[in-house]
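*Asks:* One letter stands for each residue in the lines below.
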Amino acid sequence: MKGNLAGPAAELRITNLVKRFGGSAMAANAFVAVDNISLTVPAGSFFAMLGPSGCGKTTTLRMVAGLEQPTSGEILLNGNDITHLKPYNRPVNTVFQSYALFPHLTVFENVAFGLRRKNEQNISKRVDAMLELVQLDGYGARRPAQLSGGQQQRVALARALINAPQVLLLDEPLGALDLKLRRQMQLELKRIQSEVSTTFVHVTHDQEEAMTMADTIAVMRHGRVEQLASPIDLYERPATAFVANFLGKSNLLEGRVTGTAGAMLLVETHGVALRLPAANRPAAAAELYVGVRPEKLHMTGTGAPVPAGHNALEATVTDSSFMGVSTQYVVRTAWQQELTVFAQNMGVDGMRARGTAVQLHWDPQHTFAVPRTGSPLETEAEL
Amino acid sequence: MSPVPPRRGLLSGTAWMPYALLLPGLLWLGLFFVTPILTLLSTSLQEGSISTGYRFTWRFANYTNAFSDYQAQFGRSILYAGLATLLALVICYPLAYFIAFRAGRYKNLMLLIVVAPFFTSFLIRTLSWKIILADSGWVVGMFQTLGLLPPGGRLLATSFAVVAGITYNFLPFMTLPLYTSLERLDASLIEAAGDLYAGPVTAFFKVTFPLSMPGVVAGTLLTFIPAAGDYINVRFLGTPSQSMLGNVIDSRFLAVLDYPTAAALSITLMFTILVLVGLYVRRAGTEDLV
Numbered sequence: 001m002k003g004n005l006a007g008p009a010a011e012l013r014i015t016n017l018v019k020r021f022g023g024s025a026m027a028a029n030a031f032v033a034v035d036n037i038s039l040t041v042p043a044g045s046f047f048a049m050l051g052p053s054g055c056g057k058t059t060t061l062r063m064v065a066g067l068e069q070p071t072s073g074e075i076l077l078n079g080n081d082i083t084h085l086k087p088y089n090r091p092v093n094t095v096f097q098s099y100a101l102f103p104h105l106t107v108f109e110n111v112a113f114g115l116r117r118k119n120e121q122n123i124s125k126r127v128d129a130m131l132e133l134v135q136l137d138g139y140g141a142r143r144p145a146q147l148s149g150g151q152q153q154r155v156a157l158a159r160a161l162i163n164a165p166q167v168l169l170l171d172e173p174l175g176a177l178d179l180k181l182r183r184q185m186q187l188e189l190k191r192i193q194s195e196v197s198t199t200f201v202h203v204t205h206d207q208e209e210a211m212t213m214a215d216t217i218a219v220m221r222h223g224r225v226e227q228l229a230s231p232i233d234l235y236e237r238p239a240t241a242f243v244a245n246f247l248g249k250s251n252l253l254e255g256r257v258t259g260t261a262g263a264m265l266l267v268e269t270h271g272v273a274l275r276l277p278a279a280n281r282p283a284a285a286a287e288l289y290v291g292v293r294p295e296k297l298h299m300t301g302t303g304a305p306v307p308a309g310h311n312a313l314e315a316t317v318t319d320s321s322f323m324g325v326s327t328q329y330v331v332r333t334a335w336q337q338e339l340t341v342f343a344q345n346m347g348v349d350g351m352r353a354r355g356t357a358v359q360l361h362w363d364p365q366h367t368f369a370v371p372r373t374g375s376p377l378e379t380e381a382e383l
Numbered sequence: 001m002s003p004v005p006p007r008r009g010l011l012s013g014t015a016w017m018p019y020a021l022l023l024p025g026l027l028w029l030g031l032f033f034v035t036p037i038l039t040l041l042s043t044s045l046q047e048g049s050i051s052t053g054y055r056f057t058w059r060f061a062n063y064t065n066a067f068s069d070y071q072a073q074f075g076r077s078i079l080y081a082g083l084a085t086l087l088a089l090v091i092c093y094p095l096a097y098f099i100a101f102r103a104g105r106y107k108n109l110m111l112l113i114v115v116a117p118f119f120t121s122f123l124i125r126t127l128s129w130k131i132i133l134a135d136s137g138w139v140v141g142m143f144q145t146l147g148l149l150p151p152g153g154r155l156l157a158t159s160f161a162v163v164a165g166i167t168y169n170f171l172p173f174m175t176l177p178l179y180t181s182l183e184r185l186d187a188s189l190i191e192a193a194g195d196l197y198a199g200p201v202t203a204f205f206k207v208t209f210p211l212s213m214p215g216v217v218a219g220t221l222l223t224f225i226p227a228a229g230d231y232i233n234v235r236f237l238g239t240p241s242q243s244m245l246g247n248v249i250d251s252r253f254l255a256v257l258d259y260p261t262a263a264a265l266s267i268t269l270m271f272t273i274l275v276l277v278g279l280y281v282r283r284a285g286t287e288d289l290v
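Residue numbers (the working numbering), protein chains in the order written: chain S, 1 to 383; chain G, 1 to 290.
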């Protein structure tokens with residue numbers, strides 16, 4: 001199954017890629033969409049480019065596809081320079097955001113389009129096999145307009161994959177689907193990727209989608225790569241305040257490094273001493289944000305014993321919303337900062353009322369730190 | 001895509017409302033389209049002469065006589081209209097393509113220029129071609145210099161002049177529908193074709209052109225149908241040896257006052273065009289392209 005459906009997966013390497021729109025660097029209306037990006041996508045991996053709209057992810061993808069010419073920089077496929085090849089000469093294929101299915105052709109002819117251009121053999125057999133892979137066997141004679149959104153999405157995928165691309169590019173492929181279908185297609189895409197073992201490069205603004213599917217995620221912002229890591233690393237050890245807020249929720253506390261104790265870094269925040277693994281320190285700077293995820297926080301009544309070595313804070317409950325599996329609390333610290341706490345619904349103690357004084361504590365291992373550049377709220381405004 | 005429910009306007013509350021909205025149009029068409037056609041049909045089956053008067057006698061011979069007498073003009077109508085349509089398509093497609101995809105902020109200005117000739121009368125525009133193609137004009141001079149015309153040769157009073165005139169007069173009718181269908185074309189489809197190994201030429205013939213077929217069909221019909229009945233271009237730019245069916249109908253009706261023949265010719269032309277158009281639309285297969 002694998003061998004005849006996909007070509008050899010290739011490593012994609014991007015070096016110093018720049019895309020500037022609107023004339024020269026000096027022009028007032030120049031807009032830098034992609035600002036000196038370098039990254040490597042290992043062969044056979046599922047790679048996601050994640051970021052808010054306007055972060056340059058789609059432009060980067062279009063340059064890899066050949067639909068946009070880079071201002072400077074190189075794009076290498078298995079070491080071969082493809083930067084200036086025409087789209088139709090590149091061994092990559094794209095699943096377009098709006099699918100871009102040919103409305104005047106049947107599903108079969110849509111899928112066969114690439115093979116016919118290359119004068120390949122056994123077209124009928126290969127198209128049927130591909131339609132089977134995307135679970136659309138028997139739909140070959142229909143027109144795209146006669147299919148549902150999810151089915152059109154599968155046709156778009158089949159039409160690209162059948163050409164055995166060395167890299168498959170997916171531009172927000174699930175953006176037009178409703179939530180339930182999107183979840184289903186996420187798993188489906190993952191299954192197909194492992195079946196054909198082609199390199200997938202997936203562009204999305206949906207952090208959950210990227211986390212579910214990708215092996216590696218490049219979080220992008222303002223045309224640059226903010227952080228490139230596995231979903232777990234991105235979540236547990238975000239490198240910047242932007243990443244910490246873009247992927248899930250974070251509580252960020254202004255802190256100042258006061259020293260070290262073995263493998264632990266000592267930080268003081270508004271008079272409270274906190275500890276975190278020294279390995280999580282982002283830079284030599286003394287000023288930083290200390291971060292902890294809402295679900296890592298334990299909430300107890302004031303005066304309850306804190307496990308030895310845990311970081312602890314005092315706060316007051318200002319708001320709570322019951323969400324079934326958990327309750328989301330907003331608490332206010334002594335220095336008037338609002339923090340979010342997710343308390344799992346263990347059925348042990350009831351909801352804590354507004355105004356209740358509480359104590360928060362958490363394992364220092366669950367503490368991360370990011371450089372103090374800009375306000376942590378700045379990134380929230382962007383989202 | 002799921003089927004779109006019919007749009008409900010403000011006035012759609014009552015069952016009779018849609019018919020009431022149709023009424024003015026139906027009355028107008030009944031009065032000024034159906035009645036004249038029926039009159040024409042009955043006239044075409046009359047016999048007699050202008051001095052003795054015409055009587056309705058089911059005289060089908062009017063048709064056979066008219067057709068055999070004016071075969072040449074009939075053929076020229078179809079030929080000239082066909083040639084002009086083809087030429088207009090070849091001229092207008094690149095123009096419409098340019099306006100749709102490349103004109104940027106000059107799009108509206110260019111469209112205005114396309115329809116600008118409509119601001120002067122059809123007659124004036126055709127008469128100016130008489131000046132352009134005149135024996136002493138620069139076009140004839142250039143053709144002679146280039147050796148395309150022998151010394152002393154002329155353009156006026158030739159089939160060339162007639163076809164050129166018809167083509168010119170119908171350019172906007174061809175350009176606008178082509179522009180509309182190209183403008184609607186989703187640019188990502190062309191990108192997708194490129195992504196799937198189609199070079200620019202293949203992408204054009206496999207994607208762009210087939211998807212612009214509704215515009216091609218609309219444009220060719222809007223050009224061919226009126227062109228086949230045209231008689232102004234022949235009158236000003238041609239001679240009787242270029243005359244088309246329109247000229248015969250014109251003279252039969254208004255000069256000779258031979259109403260039955262003129263009516264029979266009109267009906268024949270109308271019917272022929274209807275059949276040609278029917279075949280063409282079927283062949284073009286644009287039903288499922290909207």
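If you're looking for bench data, these hints aren't it; they were derived computationally from the structure. Predicted model, so just to flag it, every value in this text is computed and none were measured. Check the hints yourself; a few may be wrong.
Below are the DSS-like pairs computed for lysine-lysine, each with C-alpha atoms no more than 30 Å apart in a straight line [stated by the list, open to error]:
{"#": "1", "chain 1": "S", "residue 1": "249", "chain 2": "S", "residue 2": "180"}
{"#": "2", "chain 1": "G", "residue 1": "206", "chain 2": "S", "residue 2": "86"}
{"#": "3", "chain 1": "G", "residue 1": "206", "chain 2": "S", "residue 2": "125"}
*Asks:* Decide, hint by hint, whether the structure agrees.
*Replies:* Here's how the hints hold up against the structure:
1. S:249 / S:180: Given that 30 Å is the threshold and the Cα spacing comes to 23 Å, the pair holds.
2. G:206 / S:86: Roughly 18 Å between the alpha carbons, so the hint for residue 206 of chain G and residue 86 of chain S holds.
3. G:206 / S:125: Answer holds: residue 206 of chain G to residue 125 of chain S is near 22 Å, not above 30 Å.
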